[in-house]
Structure formats: C-alpha cells, structure tokens
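Line by line, the protein sequences give chains D and X.
For reference, each letter of the first sequence is one residue, going 1 to 501 in our numbering.
For reference, each letter of the second sequence is one residue, going 1001 to 1462 in our numbering.
Check each hint, because a few of them may be wrong.
Claimed, not checked - Listed below are several chain D residues computed to face chain X (Cβ distance under 8 Å; list not exhaustive):
no.	residue
1	P71
2	R367
3	G388
Hint data in this document are derived by calculation from the structure and do not stem from the laboratory.
Predicted model only: the values in this text are computed from it and were never measured.
All residues carry an ideal CB built from backbone N, CA and C; glycine is no exception.
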Amino acid sequence: MKGLEKIAEELEKTRLENLTRRHFMLDCVSKVGSLALLPLLGSCGFGNSNETKGLNLSDRDLNPLSPLPPPSIPKAKSVIYLHMAGAPSQLELFDFKPELIKFHNQPCPESLIEGRKFAFIRGVPNLLGPQANFQQHGQSGAWVSDYLPHFSKVVDEVAFLKAVHTDQFNHGPAQLFMQTGSPRLGRPSLGSWVTYGLGTENQNLPGFVVLTSGGKTPDAGKSVWGSGFLPSVYQGVQCRSKGDPVLYLKDPDGVSRDLKKKIISTINEINQEEFERFGDPEILARINQYEMAYRMQIEVPEVMNINDEPEYIHELYGTKPGEEAFSNNCLLARKLVEKGVRFVQLYDWGWDSHGTDHSTALDLGFRNKCTEIDRPIAALILDLKQRGLLEDTLVVWGGEFGRTPMQENREGKTMGYKGRDHHVDAFTMWMAGGGIKNGSSFGQTDDFGFSGIEGRVSVHDIHATILHILGFDHEKFTYDFQGRPFRLTDVEGEIIKEILS
Amino acid sequence: MDFIFSLFGRFHPLLVHLPIGFLLLGILFLFYSGKNKEALFPAIKLAFLWGSWASLLSAATGLLLYLKEGYTFETVKWHLILGCLTTISAIGFYFYLNKVNEDTARKTKFFGLVLVFVLTFTGHLGGSLTHGEDYLFEVLPEGIQEFLGNTHSKEITGLILGKDTWEESLFYADAVQPILSKNCNSCHNPKNNKGGLVLTSFEEVMKGGKNGPVIFSDKFSESPLIHRLLLPKEDKEHMPPKDKRQPSKEEIMLVKQWVESGASFEILLSEAGIKQGMVETFFLKESDFPEADLPQLSPDRLQAIKSRGILVEPLSSNSNLIKVSSINVRDFGDQDWQLLEPIKQHVAILDLSETEVGDQLLTLLKGCDNLTVLKLNKTSLDGESLGFLKECKNLKKLYLNKTQVDQNALSQLNGHSILEIIYVFDTPASLEKSKGKEITHSAKIEYGHYELPSLPTDGKVF
Chain D
1 MKGLEKIAEE LEKTRLENLT RRHFMLDCVS KVGSLALLPL LGSCGFGNSN
51 ETKGLNLSDR DLNPLSPLPP PSIPKAKSVI YLHMAGAPSQ LELFDFKPEL
101 IKFHNQPCPE SLIEGRKFAF IRGVPNLLGP QANFQQHGQS GAWVSDYLPH
151 FSKVVDEVAF LKAVHTDQFN HGPAQLFMQT GSPRLGRPSL GSWVTYGLGT
201 ENQNLPGFVV LTSGGKTPDA GKSVWGSGFL PSVYQGVQCR SKGDPVLYLK
251 DPDGVSRDLK KKIISTINEI NQEEFERFGD PEILARINQY EMAYRMQIEV
301 PEVMNINDEP EYIHELYGTK PGEEAFSNNC LLARKLVEKG VRFVQLYDWG
351 WDSHGTDHST ALDLGFRNKC TEIDRPIAAL ILDLKQRGLL EDTLVVWGGE
401 FGRTPMQENR EGKTMGYKGR DHHVDAFTMW MAGGGIKNGS SFGQTDDFGF
451 SGIEGRVSVH DIHATILHIL GFDHEKFTYD FQGRPFRLTD VEGEIIKEIL
501 S
Chain X
1001 MDFIFSLFGR FHPLLVHLPI GFLLLGILFL FYSGKNKEAL FPAIKLAFLW
1051 GSWASLLSAA TGLLLYLKEG YTFETVKWHL ILGCLTTISA IGFYFYLNKV
1101 NEDTARKTKF FGLVLVFVLT FTGHLGGSLT HGEDYLFEVL PEGIQEFLGN
1151 THSKEITGLI LGKDTWEESL FYADAVQPIL SKNCNSCHNP KNNKGGLVLT
1201 SFEEVMKGGK NGPVIFSDKF SESPLIHRLL LPKEDKEHMP PKDKRQPSKE
1251 EIMLVKQWVE SGASFEILLS EAGIKQGMVE TFFLKESDFP EADLPQLSPD
1301 RLQAIKSRGI LVEPLSSNSN LIKVSSINVR DFGDQDWQLL EPIKQHVAIL
1351 DLSETEVGDQ LLTLLKGCDN LTVLKLNKTS LDGESLGFLK ECKNLKKLYL
1401 NKTQVDQNAL SQLNGHSILE IIYVFDTPAS LEKSKGKEIT HSAKIEYGHY
1451 ELPSLPTDGK VF
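Let's have the full structure, built from the sequences with the hints guiding it.
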C-alpha cells in the first residue's frame, strides 16, 4: 500500500515538473512573446482586427471561401484575365499608326527619347513601321491587324483601352504591378483580392484558378497570383494544363474514398485543436485546403477534362487535346467560370518580341504567337456569349507593358530581325463582357504611338475599373496590415467610366 | 512677427486644460476637504488664483485662435461666451474668497456646481471645434447611434442629374453647387473658411476669398476658381490639395463651362451649350433590378435554406433582393421549391441549372415579383409550361441552354413586356434555327452555335 502511495506521489511530482516546465516553455513563452508582438500580430490578421469595411465577414469563421455579397450590385461576378506574358506589341495588333510607315527606318526624333531610359535601346534607334496590315472591323470600326483575323470578327463585343501606361519597364516588376498593384513583392494579386472579397460559389472548386501556357510561367514567378498579406487560402491555385490538372488528385490504389475521408477529418480535428490554441488563421487555411482537396477530387476531373466537350466546341477553340495550349486553357476558363469559379487567370508566355532571333521577330515568331491566341480568344468570347455567360463575366486581355515605336538596337547594333523594346508610355488592353460598353474604344496615342495624348489610363485605373464592375469601391475595399489599411489601388486609381455600359 | 500671434493662438487647445484642472481642484476641495477644513482653505484660494490666471491666458489664446484661423463668430459663439463667463466667474470667486471667512465660503457649494457645469460645457464645445461634432458620436456602435437619432449619412452624393430634366436644370444651383459641396466644402464652409473663401452659396462664391475674387467678371476664363482646379496635381496652387479626394474630370469640365459661360445664377444647363455627352456620367444609373420595398429576411429562415446546401446571398450587402443558386445541390428538385416559397418575393436571381427541376417548377414561380434573371440550363425542362413565366412581371433574362425547349414553347412568352433575352443554345429550338426556322419574338433569342470559319492563314507557320 505504501509503495502504491509512493508511486502516486512520484507520478504527481513528475506531472507537476512536466507541467511547470511545459507550462513555462510553451504557454508562458508563447503568451509573453505574443504580448510583445501583439501590435504586430494584430496587423497580421491575428485575432479579429482584420476587418474590411463593407464586408460582413461573420460567415467566414468556418469557411474562408464562403461567398459574400459585394458592397454594391455587381455587373459581373467572374473574371477571366488573359495575360500575355512578355508584353505583345500594340503597334502590330491594335494601335494603327500610318505616320510610322512614312518614317520607317528613319532615326527617331531625339526630342521623343531625350532623357528616357529603355531596357535595351541605346543611342538613337530607328523608327519601325507597323509590320502588319491594318483594317477597320465591325460596326465599331475598330482597327485590328491581319495578325488577328478571327479576333477581328468579335471586336464589337470589346472595349479597347488604347493609351494604358505603366511605370515599370522590366517584365518581373511590370507583371507584379499589373497583377498586384505594386511592382514590389508582397501585395495580394487582383484575383486574391477578388476571391477574398467575394468568396466562391462552387464549394468544390477553388475560387481563383491559374492556367499557364507558352512553355514558361511569368517572369515574376508565382507571386503574380500570390495572396500577399491576405490569408494564403486566397492565393491562385495553379492547375497543370497537361496531364492531370492537379497532381495526386486520384486516390492511390487500395485507398478508398471512405478511408481518405477518415484521414482528412482526423487531420483536421488535430488542426482545429491547434487553431483553437494559437488562433493562427493559416491553420484555418490549411484545414480548408484539405477539405477542398477532398471535394475537388470529384469536381476537378470533370471540369478540367475538355475531352467531353462536343466536336464543334473543339473546332471553335482550335484545341489541342493532350498538349499544354492556350486554346485548351481558354476552353477550360469557360468551363471553370460556368461552374462558378470566381477568377480565372491565364498566362501565355512568349510575347517578348525583341527581334533577337526568329521566335522574337515581329513578322515571324510574334506572328505565330498571334495565330496561337487568335482563334481561342475569339472563340472564348463567342462561347461565353452564346451561353449568356458574357453577361456576368469580365474578360480582360493585356500584357504588362507595350513596345516601342522604335526598332530595338541592342547594344547600339542593328539587329537581324525586326523587334521592339519594352515601352511603358502607351499600350493597348481590352475588356469585354459584364458592365463593359461593347464596341467602344478609349484613349489615343500620338502619331508614332509613343505616348498617350488622350484618355491615358494607369494600371491603378484598370484595377479600379475591374473592382467597380465586381461591385466594389476600390477606395473602400481595404485590408488592415502592418497597422494600416491597404488597398489594391494604393492611393490612386480612377474608374474608367468611358468603357462602362 | 504676425506669426507669433498665430503660434500663441495654437497653444489654446493645450492651455485650456490648466484652468479646468485648477478650478476643478478648487471646487473639489470646497466639497471634500476631509478633516482639515481650515488647513485647506488657503489651498482653495490658491487654486482659484491659479485658475483665474490660467483662464485669462486661455481666453486670450482662444481669442487669437479665433481671429487667426478663419473661424466665424457663429461657430465659436457659445464656446467664446461660456469661456469668458468661466474666466469672469473664476476671478470673481477668487476675490469673494479673499473677503469672506472659511465657513461662509463653504456655503457657496451651489456656485461650485454651476461652475463645474459651465466648465464641462465650454470644454465640450471647444472639443467639438477641434475634433469635429461627431468626435464622440462616431465611435458608438451603430445601434446606439441610431437610437440616439443619427440618421444622416456622412456620404455626400454629389451631382445627380435627371436623364430627361437636365436641360431645364439651373447650371449653378443644380450642377455646380453639388460639385462644390462634394469636393470643396469641407474646407470652404462658413465654419471653416480656408483662405477666407466660402463655396456654399452663389453669393459667397462671387464674393471670393481674402486674396480677392475667385471669378473674374471681366475675364471669366482666367478665374482662379477654374485655374486652380486645372493646374497639375503636383502644383502647390492646385485645388483641392493633392492629398484630398480629387474631383472627376467631368466635374471640373462642368465648373469650367459654368464660369466661362458667364457665371450667372439664372443660366440653365442647356443654355450654356452643355451637350448630353458632357453630363451623362451624372445621370442616375438605372439598376437592372427592381426597386423593391421588402421586409427584412430573418436569418433563421435563410439558415434553413442554406442548410440544404442552397446558396442564398443578397445581391449586394445593402440590398434586400437575393440571389439563389443550386450550384452546390445538384439534387434540387421541384419539391425543394417549398423551401424557397416563403422568400420568393425577395428572389431576383434564381439559378437552378443542372438540377432535377422540370416544367412543374415554372408553375410554382408565380408571385416571384422581383425575379429578374432565371437560369434553368441543363435541366429536363421541355418548356410546355413556359407561359407561366408571364406571371413574373420583372423577368428580363431567361437561360434555357441545353434544355428540351423548342421554338413553339418559346412563343408562349411572346409579348412579355419586359423580357429582354432568352438563351436557348444547344436546344431543339436552336436545332430548328439551324434548319432555317425562326419565330418572331418580342424578346431577343440567343440561339448560339457560333462558328469561326477556317481561314487560309490558320495553321500557317511563319
């Protein structure tokens, strides 16, 4: 009996010892530490300090992706953003400059480039006339070159922005600026903001899907669809364009769906305990991702499979089943939007037409790139239209900057192929779909297409306009981080009313 | 040396705390001096002496602040009067205390109470001047604010013109003033007239500021009012200051046009050569959805619907119309409508695509008075009962892609006065269209099946 008591005593002593040490190591350290870090943590979304005005986030406690109504009635509920990574030349596609033909091969007037810096052009370059033939199309009379013969048939569905400008002339920063509103790393991407603000309707699919083509991903890396300081559950989910869209989505042999469910719910129970203990929203994101992955197992193979589409749809898009192709991605984008995905981001790589070799020559490789996207983008617009999806989907097309009216003269030398350097002053983008004034065009560039002389719009203006169409006031849509509210448009941005219906 | 006065004036918000402290201390001693009543009596006198001096100093700096910072008398009137009253009372009471003995002084507790009240009220008025009227109010929870009667929204809407009536609107009163109210009045109002300029009425605008008129009646186009609006944002002279919200270019255009047209009060928008294109952005956008005065939906009711997996959400966070979607419940059938029946008046967008609903559903939709968009894509619907949708008086868009409807079924809806478009891509109706049959219909029918004919350049590699 005495031995038993002794053991019990010993046990209690050990327990207390452990308790004190653990208590000190874990609870005290983490709590005292968090006390010191409280202001910092508060700004990282710890606790409930990350309120966004105008959004009712109470439904978000259990599911960070649950749909939320926007502050005002939206014109579109989804976005398909077609980003041509590398920056296509506006002067060979949409911005017709007959003056430039006259001055082809003449030295560029120095007044134009005085004090300007270019990525590769040195000294005084020669002007380069348009390498394509232009014609007016549709009722709107929009100028489109013969590089895009199919697209030119749908110009009446589109609103052109002819004088977009940016302030970054290198791909990485410019892509970040275009997609996150800041040329430096760390800000959430447009798609993340939208997914954060609106959630997603289909609970079996991610809210923000990214598809890439052209052989490479954008120069800026995955940050262009990153969530920045927003909880990481709002980042873009990159699906593979070839093979299984999402790796390891299939259950391995011998693992039944029931077993999978048990595994996931056990893991999530543990994670839930962890969340209750530390309150880190990243744990919620992880729980949600496990559940999402489980639900995706059913829906994703269905939605990401283009083989079940009828033959005429394949013909319309010019798909290349089994390959990684922009056309397949366009068709997938339509399917995803149809299934309620909020934001589909397509990146097509290979538009950096410097003229250093065949693939970057404006009349060769660039033209092939145009052929690759021409039919798919026209098809996407028509396919969305015939399903009535164009009414509430916003389609955006553009690169990260434009290209110079001058021929590139890398290291001051004349180059063997025709190419243009990076240009920030003026380039063309277009939008179509919900809330957009069909067949309109806004902005104008000077006779050489060097700068905008009318209707110049900034990257922030484009973001403000996209958010406006989705029902947000870009000045009020904020997220508190590091002690201050952040906006996608920082302190700028004006809605481009001229292209709104 | 003029700045010395301004500087002293700006010490007013700091100095005012001294008399408040001293006088309160004196009054508190008057009430609760504990056991050593006699011993504290000199302290009371001292507190009132210091209080008097501090009051005088505060009053003097306050007066400087009032004179130097462009406050109008109307705004500061009560703060000024009560402040002077406090000073006079404090000095008066100090002299009174010097004359009487301690016991008599103790009988003047009532005076102490009055002084506390006056001090508090003066201080509050001063606080309102510095921090704004809403300073205390705006941190209260919304419910309490409403209870206290806060109905005014702080948003100033700015200019809104009637689509049909704009030509008859007064240029100044109906267009320019709302623009000024939205963009300029936070600094140029009778309470706070920076640069001596008030832009809240026609008379004040014409009067100008302390540097002279803002509208030159001999050279309208050079008037500072428009000149400073048009300067680049970085310019020091630019108005509004670059860290403030900037007016839109349409707003600036209108103000410019008004000044250049002669800055008259009587002129109408149409008389000043304004074209519709210049004012279009100010028309009230017609909403796609009806304006409905509906009761609030109870969260419990919505919860019941949500727990069936149905997506219900307001069109926007302040709309009482809702959107209902079965995107996550593919087994939604006609019988599930009973869940939605009680809220059917609220439903503006109904998406029951890819579910098991059939024609019977159409007969149930009667009474969906605000239903504007109805999506029934990929259902087994054959359209026999489409005629029932005539009861949905607000239906504008109908999606019947990949259903079994044919053109005959669609003709039941011919004559629906508000229906704009019916989508029938990939249906018997679109098949009939491809064979050359096409009914006339009051609504646009989107048959789809677009093609992009192949071109010789397709597949050509350069």
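Legend entry - G388/D as chain X interface residue, shortest Cβ-Cβ below 8 Å: holds, 4 Å
Legend entry - Status of the R367/D interface restraint (C-beta, 8 Å, chain X): Result: holds, 5 Å to nearest chain X Cβ.
Inset, instruction - Identify whether the interface hint at P71/D stands, where standing means a beta carbon of chain X within less than 8 Å of its own. - result: holds, 5 Å
Figure legend: structure checked against the earlier numbered hints; every hint is met.
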